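Listed here are the chains, written in short residue letters.
Protein chains: 2
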Amino acid sequence: MKLKIKFLDLEAGGKPVIILSKDDAEELGIRSLGRAKLHSGKKEMNAIVNVTKHGMKGYVGFYEEVKNYFGLREHTEIEVETAKFPVSLHHIINRLKGRKLAAEEISEIVKDVVEGNLSEIEIAAFVTTLNNFGLDLDEAANLSMAMIETGDRLKLNRKIILDKHSVGGVPGDKTTILVVPIVAANGFTIPKTSSRAITSAAGTADRVETLMPVELSVDEMKKVVEKTNGCMVWGGALRLAPADDIFIQVEFPLSIDPMLLPSIMGKKKAVGATHLVIDIPTGRGTKMKTIGDSDLLAKDFIALGRKLGIKTQCALTFGEQPVGHAIGPALEAREAMEILTREKYVPDVIDKAVHIAGMLLEMAGKKDGEALARETIKSGKAEKKLREIIAAQGGDDKIKPEEMKIGDYSLDIHAENSGVVLWINNADIVEVARTAGTPKDHGAGIYMYKKLGDRVNKGDKLFTIFAEKNSKLISANKLLEEHEIMGIGDKMEMLIHKVTELHVHKKTFILER
Amino acid sequence: MKLKIKFLDLEAGGKPVIILSKDDAEELGIRSLGRAKLHSGKKEMNAIVNVTKHGMKGYVGFYEEVKNYFGLREHTEIEVETAKFPVSLHHIINRLKGRKLAAEEISEIVKDVVEGNLSEIEIAAFVTTLNNFGLDLDEAANLSMAMIETGDRLKLNRKIILDKHSVGGVPGDKTTILVVPIVAANGFTIPKTSSRAITSAAGTADRVETLMPVELSVDEMKKVVEKTNGCMVWGGALRLAPADDIFIQVEFPLSIDPMLLPSIMGKKKAVGATHLVIDIPTGRGTKMKTIGDSDLLAKDFIALGRKLGIKTQCALTFGEQPVGHAIGPALEAREAMEILTREKYVPDVIDKAVHIAGMLLEMAGKKDGEALARETIKSGKAEKKLREIIAAQGGDDKIKPEEMKIGDYSLDIHAENSGVVLWINNADIVEVARTAGTPKDHGAGIYMYKKLGDRVNKGDKLFTIFAEKNSKLISANKLLEEHEIMGIGDKMEMLIHKVTELHVHKKTFILER
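As you go down the protein sequences, you meet chains A and B in turn.
Under this note's numbering, think of the first position of the first sequence as 1, with each following residue one higher.
Under this note's numbering, think of the first position of the second sequence as 1, with each following residue one higher.
Because the hints were derived from the structure by calculation, they are not lab data.
Source: prediction; values computed, not measured.
There could be a bad hint or two in this list.
If several chains are the same, the list does not tell them apart, and a pair holds so long as it fits within one copy or across any two.
Stated by the list, open to error - Distance condition first, Cα-Cα at most 20 Å in a straight line; then the derived PhoX-like pairs of lysine-lysine:
#  : residue 1 : residue 2
1  : Lys53     : Lys491
2  : Lys97     : Lys506
3  : Lys97     : Lys223
4  : Lys458    : Lys100
5  : Lys37     : Lys6
6  : Lys2      : Lys469
7  : Lys6      : Lys367
8  : Lys155    : Lys227
9  : Lys478    : Lys84
10 : Lys57     : Lys37
11 : Lys491    : Lys367
12 : Lys6      : Lys381
13 : Lys506    : Lys100
Work out the full structure, taking the sequences as your base and the hints as a guide.
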């Protein structure tokens with residue numbers, strides 16, 4: 001059928017999408033979300049069809065992706081015919097029936113996800129089914145490899161390449177900014193890629209960005225690592241696993257995360273990691289609530305690492321309160337700098353960092369890694385290495401912690417009664433920080449003066465909220481009326497809460513990887 | 001945040017969708033497929049957000065649905081702020097974790113589906129999860145009730161209301177056009193609604209439409225039934241279960257059908273059915289391949305019927321070949337007319353119809369229903385009733401079978417060898433018929449002269465393909481090169497086919513309800 005092209009001036013998120021009138025679609029026998037083949041000269045393309053009930057008869061509406069591919073003028077005629085669904089959809093449909101997928105099948109699915117050949121509905125069904133039925137080890141490994149095949153890779157000529165990753169979920173976790181310079185200062189290679197915040201107050205890429213540029217290409221990253229042994233860059237700019245960004249798009253509204261393992265391990269394989277430590281923050285208010293669950297996840301990471309040829313160890317870490325005092329991109333980067341410059345001693349941040357760095361150093365052959373890591377901070381070698389990395393990535397290597405830009409608007413919150421800090425609500429801290437502007441406003445966040453077990457007197461300053469905009473500070477403050485960030489008292493109350501009728505169960509969802 | 005309105009001149013399939021620039025969305029903390037609240041004066045609306053990377057900064061793009069709701073002019077400013085996901089999404093998320101849903105929760109989900117408050121991804125996840133985990137009886141009943149609550153209902157002042165339904169999957173099934181007049185002619189009420197074809201060559205609504213108008217309102221339908229005791233109308237025009245049309249939209253590309261039972265039974269409840277016969281065509285090439293599977297499905301229908309207060313019986317019927325000779329809307333309606341006018345005697349069509357009509361008549365209190373049904377055809381009472389219904393629905397009640405419009409283009413296919421018809425491929429027949437133009441071209445289709453077990457001599461006419469357009473006839477003929485419609489020989493070959501390597505498994509999907 002010949003139809004006239006109409007431009008829609010809209011993009012479809014990388015997918016080739018066209019719009020047909022109901023009449024023309026019925027004539028072609030295509031339903032909404034079915035497929036059409038477009039021809040013009042030697043160019044042809046299979047597109048996802050949206051059907052509109054109003055107007056468009058005789059026309060085919062082109063989204064930007066299709067418009068750019070054909071490069072034809074508006075109102076030109078183009079041949080439109082019925083096309084079959086992509087073969088990868090049949091693999092997804094078989095997966096819906098509970099069948100496991102072969103390596104080639106996973107490859108085809110991931111390729112079509114990246115090339116935009118599968119609709120959001122089809123991707124949602126795939127992700128939902130992986131969530132519902134679970135992935136086996138082979139499928140996870142094949143998914144990792146398929147994500148790498150469709151992305152770019154970092155090739156370093158080093159025998160040992162170390163890496164670390166946190167499954168996330170605990171606020172204030174600036175560990176990476178300490179671990180990378182410690183490891184690199186000891187002569188080992190650590191090409192660290194990080195993510196930006198999705199549901200948290202700050203991702204490592206957001207934090208690091210307040211110290212230096214993080215949007216490097218693979219080539220630029222390679223130069224930094226070859227020069228300094230380390231780097232801290234945003235993974236999203238590297239296209240290491242472009243499929244993952246598309247999966248996350250679907251996982252986010254559904255609050256599911258079945259790709260956690262294959263996605264993380266795939267990205268580590270893509271930078272050539274040979275030895276890896278996975279940090280699994282554990283406890284109420286994190287992604288992993290119990291030590292039992294975390295131990296099982298650790299087992300899965302180690303098994304998948306074996307399949308992919310990455311020696312993997314895991315560290316279960318205490319996650320029932322923020323790490324350190326600072327939450328928010330700049331506040332956290334400042335705290336990490338203060339530790340490396342030895343201006344401040346923040347026991348929990350240091351403890352966590354030296355344990356993880358120590359495990360890496362030991363995996364690489366060093367003895368007593370924890371002590372070596374601690375010494376690397378104390379001696380100033382870690383600070384020196386961080387400044388080298390800052391310079392290599394194009395930042396200001398003379399930067400002082402006190403020069404870092406924190407939001408101009410702030411509000412102190414004081415204790416209403418005396419006692420001991422019995423609990424801290426991570427999810428509420430994140431919500432308040434995000435309302436104050438994080439992660440977009442790098443200078444926004446929270447600084448906590450009191451942590452679990454600390455003695456508090458009525459009127460003591462508990463924490464300060466920072467914001468770049470006053471309106472956001474006001475909104476964050478308003479949230480505090482509904483949310484209790486900390487529990488202060490002499491003993492835990494026995495009643496957690498009553499449930500007296502059917503209620504809506506809303507669980508905090510943490511999607512960071 | 002105040003943003004200027006920009007019209008997109010596109011509809012979003014009933015959903016309130018807006019487009020924001022990446023910058024504005026990040027400032028608001030909203031990701032793609034997140035939600036925003038729009039205010040203007042006293043009007044407010046929660047919309048689904050699509051984020052665009054190119055342009056639109058300072059603007060909010062309005063799809064038709066949002067434009068129509070607010071009725072504001074382009075470039076007017078409107079307040080846009082972050083909104084929470086709808087509560088029903090939390091129910092869906094809990095279902096993803098394997099939890100069963102309460103009645104209120106299902107109600108909220110279905111209400112939000114109908115009102116457009118859930119994105120396609122969220123609906124796809126819900127449907128996929130129901131497919132993966134299965135529905136229990138309570139959930140199925142609650143889904144039926146929720147679909148009815150959000151739709152219109154037929155209220156007839158009759159104590160006994162009979163109904164029939166086929167789960168579909170067998171081509172040429174014109175049974176309804178016989179059953180409705182038989183039952184109505186015996187003084188019983190049968191307010192029959194039918195669907196149009198989705199994956200088949202013809203739905204009952206498509207068939208009936210060649211005899212009379214089928215797009216009636218609930219009020220018009222009621223008048224027809226009160227006058228004639230029966231009707232045959234298109235369910236889609238009635239809004240009996242608008243949620244179902246949206247679920248089908250998602251189910252179609254995924255080739256899954258988890259709503260089959262609640263959807264069918266909901267629509268029957270919506271017309272007030274008290275007694276129901278479900279036809280389950282069984283055999284290779286239909287939806288239900290084995291008698292065992294069909295018996296289990298029958299059990300589910302009867303159990304769900306009990307929950308909903310509908311006395312339900314099921315008929316497993318032979319589905320390994322088309323019912324009768326004719327496939328395609330007009331061809332099938334003509335065959336049904338020829339039977340009722342006693343011009344032709346088509347044993348399998350009559351046999352199926354009198355069994356199903358007989359079951360209904362017996363459920364309503366009659367003795368020996370099958371014989372009564374047979375007699376109702378023979379006596380001409382069924383024909384008279386059909387003509388009454390045609391007249392009441394606004395058709396030509398004098399119509400003769402030979403006057404019905406069949407496609408002008410036709411092609412006879414002859415046997416290449418002699419033998420007995422050993423098998424007939426339903427799926428291929430449907431594909432050829434659809435390629436010839438069905439269901440959109442009502443006059444297209446196939447007429448079969450030979451059926452299972454018939455003796456065939458080389459050169460005998462096997463079937464004729466009809467089309468309204470010559471180009472479609474050519475395409476259908478071309479398909480025959482790849483597809484073998486019938487197997488003719490002296491005995492079945494032992495080897496079905498070889499499987500020598502990993503292949504793509506594409507299963508024919510039948511979505512009719």
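Okay, the hints, checked on the actual structure:
1. Lys53 / Lys491: For Lys53 and Lys491, neither the intra-copy (64 Å) nor the inter-copy (51 Å) Cα distance is at most 20 Å.
2. Lys97 / Lys506: between (29 Å within a copy, 13 Å between copies)
3. Lys97 / Lys223: neither (47 Å within a copy, 45 Å between copies)
4. Lys458 / Lys100: neither (59 Å within a copy, 46 Å between copies)
5. Lys37 / Lys6: Within one copy only: 16 Å inside, 31 Å across.
6. Lys2 / Lys469: Close across copies (16 Å), not inside one copy (54 Å); limit 20 Å.
7. Lys6 / Lys367: Cα proximity of Lys6 and Lys367: none, with 68 Å in one copy and 64 Å across.
8. Lys155 / Lys227: Within. Shortest intra-copy distance 14 Å satisfies the 20 Å Cα cut-off; inter-copy 80 Å does not.
9. Lys478 / Lys84: between (53 Å within a copy, 16 Å between copies)
10. Lys57 / Lys37: within (18 Å within a copy, 33 Å between copies)
11. Lys491 / Lys367: neither (43 Å within a copy, 78 Å between copies)
12. Lys6 / Lys381: neither (62 Å within a copy, 56 Å between copies)
13. Lys506 / Lys100: Between copies only: 15 Å across, 31 Å inside.
The structure fails to meet hints 1, 3, 4, 7, 11, 12 from the earlier list, while all remaining hints are met.
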